[in-house]
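Chemist: Please take these sequences and the hints and turn them into a complete structure.
Number of protein chains: 2
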Amino acid sequence: MARTDWKAEAKALKKKLKALKAALAEAATDAVEKVNETVAVAVKATKPAKSVSPLAPKGGFPALPVIRGAEFAAVEAGVRYKDRRDVMLVRLAPGTSVAGVFTRSSTRAGCVRDAQNKLAMKVPAGAGAAIVVNSGNSNAFTGKVGDEAVAAVTGGVAAALGLPASRVFSSSTGVIGEPLPAERITAKIPDLVAALSEEAIRDAAAAIMTTDTFPKGASATIQGEGGPIHIAGIAKGSGMIAPDMATMLVYIFTDAKISPVMLQRILSRNVDDTFNSITVDSDTSTSDTLLLCATGTSPAVPVQGAVSRAFEKALAGVMLDLAQQVVRDGEGATKFVGIRVTGAATPEDATKVAKAIADSPLVKTAVAGEDPNWGRIVMAVGKSGALAERDKLRISLGDLVLAEKGWRSPKYDEESAAAYMKGDELVISVDLGLGKAAKTVWTCDLTHRYIDINADYRS
Amino acid sequence: MARTDWKAEAKALKKKLKALKAALAEAATDAVEKVNETVAVAVKATKPAKSVSPLAPKGGFPALPVIRGAEFAAVEAGVRYKDRRDVMLVRLAPGTSVAGVFTRSSTRAGCVRDAQNKLAMKVPAGAGAAIVVNSGNSNAFTGKVGDEAVAAVTGGVAAALGLPASRVFSSSTGVIGEPLPAERITAKIPDLVAALSEEAIRDAAAAIMTTDTFPKGASATIQGEGGPIHIAGIAKGSGMIAPDMATMLVYIFTDAKISPVMLQRILSRNVDDTFNSITVDSDTSTSDTLLLCATGTSPAVPVQGAVSRAFEKALAGVMLDLAQQVVRDGEGATKFVGIRVTGAATPEDATKVAKAIADSPLVKTAVAGEDPNWGRIVMAVGKSGALAERDKLRISLGDLVLAEKGWRSPKYDEESAAAYMKGDELVISVDLGLGKAAKTVWTCDLTHRYIDINADYRS
Chain A
0 MARTDWKAEA KALKKKLKAL KAALAEAATD AVEKVNETVA VAVKATKPAK
50 SVSPLAPKGG FPALPVIRGA EFAAVEAGVR YKDRRDVMLV RLAPGTSVAG
100 VFTRSSTRAG CVRDAQNKLA MKVPAGAGAA IVVNSGNSNA FTGKVGDEAV
150 AAVTGGVAAA LGLPASRVFS SSTGVIGEPL PAERITAKIP DLVAALSEEA
200 IRDAAAAIMT TDTFPKGASA TIQGEGGPIH IAGIAKGSGM IAPDMATMLV
250 YIFTDAKISP VMLQRILSRN VDDTFNSITV DSDTSTSDTL LLCATGTSPA
300 VPVQGAVSRA FEKALAGVML DLAQQVVRDG EGATKFVGIR VTGAATPEDA
350 TKVAKAIADS PLVKTAVAGE DPNWGRIVMA VGKSGALAER DKLRISLGDL
400 VLAEKGWRSP KYDEESAAAY MKGDELVISV DLGLGKAAKT VWTCDLTHRY
450 IDINADYRS
Chain B
0 MARTDWKAEA KALKKKLKAL KAALAEAATD AVEKVNETVA VAVKATKPAK
50 SVSPLAPKGG FPALPVIRGA EFAAVEAGVR YKDRRDVMLV RLAPGTSVAG
100 VFTRSSTRAG CVRDAQNKLA MKVPAGAGAA IVVNSGNSNA FTGKVGDEAV
150 AAVTGGVAAA LGLPASRVFS SSTGVIGEPL PAERITAKIP DLVAALSEEA
200 IRDAAAAIMT TDTFPKGASA TIQGEGGPIH IAGIAKGSGM IAPDMATMLV
250 YIFTDAKISP VMLQRILSRN VDDTFNSITV DSDTSTSDTL LLCATGTSPA
300 VPVQGAVSRA FEKALAGVML DLAQQVVRDG EGATKFVGIR VTGAATPEDA
350 TKVAKAIADS PLVKTAVAGE DPNWGRIVMA VGKSGALAER DKLRISLGDL
400 VLAEKGWRSP KYDEESAAAY MKGDELVISV DLGLGKAAKT VWTCDLTHRY
450 IDINADYRS
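Just so you know, the protein sequences line up as chains A and B, in that order.
For what it's worth, numbering that gives the first Met the number 0 labels the leading residue of the first sequence as 0, then goes sequentially.
For what it's worth, numbering that gives the first Met the number 0 labels the leading residue of the second sequence as 0, then goes sequentially.
Since the hints were made in silico from the structure, they are not lab data.
Check each hint, because a few of them may be wrong.
Which copy is meant is left open, because identical chains are indistinguishable; a pair holds if it fits in one copy or across any two.
Stated by the list, open to error - Straight-line C-alpha distance at most 27 angstroms; calculated DSS-like pairs for lysine-lysine:
hint	residue 1	residue 2
1	LYS410	LYS143
2	LYS20	LYS6
3	LYS20	LYS10
4	LYS312	LYS57
5	LYS143	LYS404
6	LYS13	LYS57
7	LYS143	LYS391
8	LYS14	LYS57
Modeler: In structure tokens:
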């Protein structure tokens, strides 16, 4: 056995000790960094990033039929958003009939009043028409400067397309009360005109999004006399959704041959049961606009008789589909909820009860929490102002009767009700047992994400 | 210099190294534990436990004057909550006048209908009266079983106190639609009667709390002819607050000598500007009840003339104080917000605008986010249905004018507005510039905590 060189070993040990101490200091620094990272991740996890609504239609944006005579384009104008298209243009062929419904807000935006005035002028359709829309800024409550911005944008489009200004409609959606940088839009008009294409409706649907998480489209095709008639529509909307006679922004196109008067009549008849029957947050926008444009390019003869009824039914279907997509993209929504009221004494009472339930923050937070808290439905019926009698009321979740004859149903089973609430599509039914009036509305739940989006919308 | 004993030093170093390695292993284990703890704390921080509202009155529950002839008691009956008092009893001396206002909900609870019926009977006050209240279960929408529970509780109290049943009023607050275990309350009546004391009003205020984070009391004293007249009131309420002709639960006591008819008249006159001017979440309770009891035990002569006016003013002050405390304890509230509308064409319009702003989830989330997003105030004015003209509207935050003459004010300064929003007491003023009608309402912000409380209220 060799004699140990204690001096050498001691020196080696000293060196080892020094290295270990250094490694320890480094490890301590690393550990602090790891802790900070972990905490940052944990905090971030409570504020999920913007992602597509879990209620979005599964197949993505649908394949929409081409409407001959309706051309679309979208560009990046940098109105507010960066790195995305935010302005869209639609050119409509000569002879297009245009009909519209708008928000009844007393503080509605200048572009809404402008479009209403232009529609009221009943300018002959011969010249054609155009629609120009920007997202990121609603140009609402911006006074005379805002009115001038509307004139600059619609005037610019009219000049570029050779249209009378009275046939160019505009919409703006986004922040309220900020001046609209109209020059950023007018500077892009040549690019928009150059890009016009009958195939580009999806680009237009994407350009009008604000807090939306997916672009919204729907279509229908019916057989006219002499050929098919197509309907294709797009919409945007996610928050400030409690439409009053219209909705956020909706544009529907058809190649039907139909007069403006008939088109308006059919449109107005179908707004109450579609866009006026949805609510996200009970707040009514200053910009709600729905324009329906019929290019008349279908080979079918003008719409009349049985075809008119089929057309109206198909149009109502497209409107309802788009309206429900707006709810499915409600800010922070995780549940799509139909509220079906029957047995009301009057149609007004049916609507009052349905809206009271759909707008109740207590009902909506219970839905978010998957809690079958039907007591809050009773509360909402009670506050609605509609005629209701405790002992005649029946409340159901899907097929499960929760309450009837003035109390919890003997068939009530908390476990089944709780299981039902886990679904992402729910139907709440209330039968008032008093008359024959009925009303269905659609809404979504109220979640933390709604507050994340809206507590800090402008920054 | 001594010769180094390298062998000893090497052994000592080996020992040191071993100890250091052990310490290192322990430190690593500690570090992992620390990380886990830190993450747990970070996660918990996003879900704060129930704690007293930051808007609670600073001094805690106020010292209320004793009202001779009104005795209070509170006990633990275990109706739903554990380890806290949940039933309170008030005994009122013979000769006490009682007045009341109640929710107008069509699904109001059995105890509310019972109290309304009893007040309508105008039973002479000679016998005295009593009020019994439980928290944890509202006994609302519980059918005939619920009506029987009301009869059992009020009948039990009447028998124990030697009162006619028609002079015993009851309230219940808590979950809707669950059967009220009346026997748990009736079993405690002897304990309640034994504990009655003129000093125990704070216990009563605490026993009626549900999601409240602090008990609410307010008082006033005026000089009557021949002696002082005292008023002392308590209230509960935190969510489902958008009272319609009354509020959650409020009990106000006075030793004034005053007839039931005069008492009711004064009470009814002052409800609209106090309890009907607050909202937490736009949802109206099924149980709102306000009872005002005058024992007549003051040495002062019966209330009349100038004293009557002073009494009404003092009572209105107590009512407003209690109403504002309910808002200060609004579920999840971090900001107390006054909404002052002036210049409306009619009183109805002033109220419509004030309530539209106070109930708007978009305005309330902006307040929570300390964002001076006045565009949402414009939106709420627009949706209210009241007459409004863009170019006459003026919107202010405190003394800062944000918008006027149809647009952002030239004096507008985002930094000052943002700084103002950091306060916990805000005033939003809207002048419609059309007439002379005005209305002020009070509300709070809409925060994550509201959703935490209400997504999972029943479990």
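Chemist: Look at each hint and say if it fits the structure.
Modeler: Against the structure, the hints:
1. LYS410 x LYS143: Intra 62 angstroms, inter 17 angstroms, cutoff 27 angstroms: inter-copy only.
2. LYS20 x LYS6: Answer is both: 21 angstroms inside a copy and 22 angstroms across each meet the 27 angstroms cutoff.
3. LYS20 x LYS10: both (15 angstroms within a copy, 18 angstroms between copies)
4. LYS312 x LYS57: within (24 angstroms within a copy, 62 angstroms between copies)
5. LYS143 x LYS404: For LYS143 and LYS404, the Cα distance is within 27 angstroms only across copies (9 angstroms; inside one copy 58 angstroms).
6. LYS13 x LYS57: neither (63 angstroms within a copy, 62 angstroms between copies)
7. LYS143 x LYS391: Answer is between; shortest inter-copy Cα gap is 13 angstroms, intra-copy 55 angstroms.
8. LYS14 x LYS57: neither (60 angstroms within a copy, 63 angstroms between copies)
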